[in-house]
Amino acid sequence: MDQQTIFAKVEQAEAHLLSLPFTFMIGKQSFSKDDLVKWQRREYLKTAKLLNKRFSQKLNFTSTTSFITIKEEVVLAKMAIGQNQLKSQLAYQSDIANLITKLGVKTSFNHRKISVADMYLKNSKLTAQQIANTLNQMFMHNTEDNQFYNFKANPNHFYSYGEHNQQTVVEMTGGTRLTNDFTLSYGDNSGLSTTSNKNFRFELSGTGRLTNGFIIGGVRHLITDEPNNTIHARLQVEFPDILPNSLINQHAIHLLVEFSNWLTDIDLMAN
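Number 884 marks the last residue of the sequence shown (this note's numbering); no jumps.
Errors might be hidden in some of the hints.
Claimed, not checked - Using 27 angstroms as the maximum straight-line C-alpha spacing, the simulated DSSO-like pairs for lysine-lysine come out as follows:
id, residue 1, residue 2
1, Lys-666, Lys-651
2, Lys-651, Lys-641
3, Lys-738, Lys-622
What the hints assert, rightly or not - Pairwise CB distance ranges (calculated):
id, residue 1, residue 2, range
4, Phe-680, Lys-641, 40 to 50 angstroms
5, Glu-839, Ala-693, 17 to 27 angstroms
6, Gln-702, Asn-736, 39 to 49 angstroms
7, Asp-801, Asn-673, 17 to 27 angstroms
8, Asn-825, Ser-676, 41 to 51 angstroms
No lab work stands behind these hints, which were simulated from the structure alone.
Even glycine gets a Cβ: it sits at the ideal position worked out from N, Cα and C.
Turn these sequences into a full structure, and let the hints guide you.
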């Protein structure tokens, strides 16, 4: 995917997201689109520094550089490097982070904290089933477009590879600056503490494991259709209980960012 295409797609998606009537909630606190942009800007700047240091990029932004320009340049840099190279050169970071996570699991005695965020999309032409199916396709089909969508969804995404209902991910969770490398096994809920919710028709759920099979948590993302053509998604990630609440809350923002971007892309695909 060339620079012109990447920039055009980023600009189209950002404009479309602004036009969509999203509502974002973490607990009882509401978040605006501007709140999410401010969070992304901070995280993109941190990621730019990482790419400059570890991957010899020359990303140079000032306080007046627009958010869209920052996003375009960082996504372009990731696409140019390639996700396999990103994963390989961040392996040392991931090893450290995964060791910390494993220690956190053991000292939490299998107790969990749940990072939860709710988002609503009103007057949607999409259905919950359509969204669930397309998300599964985006996670499981390893195309250049899906790699782009993953990079664009969140500044802290570095790798995603799906196969046979298993998705291997390299990302920074909760605003930390160390990447975690783990695999989600969708349909295998044996390692989850959350349960299904009858108020939601569809779910994307699975246990999260390290490469040696050690269970670290997992996801249970719920999606349903509500009255007035409203889509409601409840996004949930399970972490070791010992982790600080600040990390859990930051990851809830991470969830709102990535899923609002993915739902925007899905809406564009449908139009």
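* Taking the CB of Glu-839 and the CB of Ala-693, does the distance hold inside 17 to 27 angstroms? -> violated, 41 angstroms
* To do: Kindly confirm whether 40 to 50 angstroms is satisfied by the beta carbon distance between Phe-680 and Lys-641.
  => violated, 27 angstroms
* Straight-line alpha-carbon gap Lys-651 to Lys-641, limit 27 angstroms -> Measuring from Cα to Cα gives roughly 20 angstroms; hence the hint holds.
* Asked: Should the hint that Asp-801 and Asn-673 are 17 to 27 angstroms apart at their CB atoms be regarded as holding?
  -> At roughly 44 angstroms between Cβ atoms, Asn-673 and Asp-801 fall outside 17 to 27 angstroms, so the hint is violated.
* Is it true that the C-beta distance of Asn-825 to Ser-676 lies inside 41 to 51 angstroms, as the hint says? -> holds, 44 angstroms
* Holds or violated: Lys-666 to Lys-651, with C-alpha atoms at most 27 angstroms apart -> Holds. Lys-666 to Lys-651 sits at ~23 angstroms (cutoff 27 angstroms).
* Asked: When you check the alpha-carbon spacing of Lys-738 and Lys-622, does it fall within 27 angstroms?
  -> Roughly 21 angstroms separates the two Cα atoms, so the pair holds.
* Range hint compliance [Cβ, Gln-702 to Asn-736, 39 to 49 angstroms] -> holds, 44 angstroms
Hints 4, 5 and 7, counting from the list given before, are not met by this structure.
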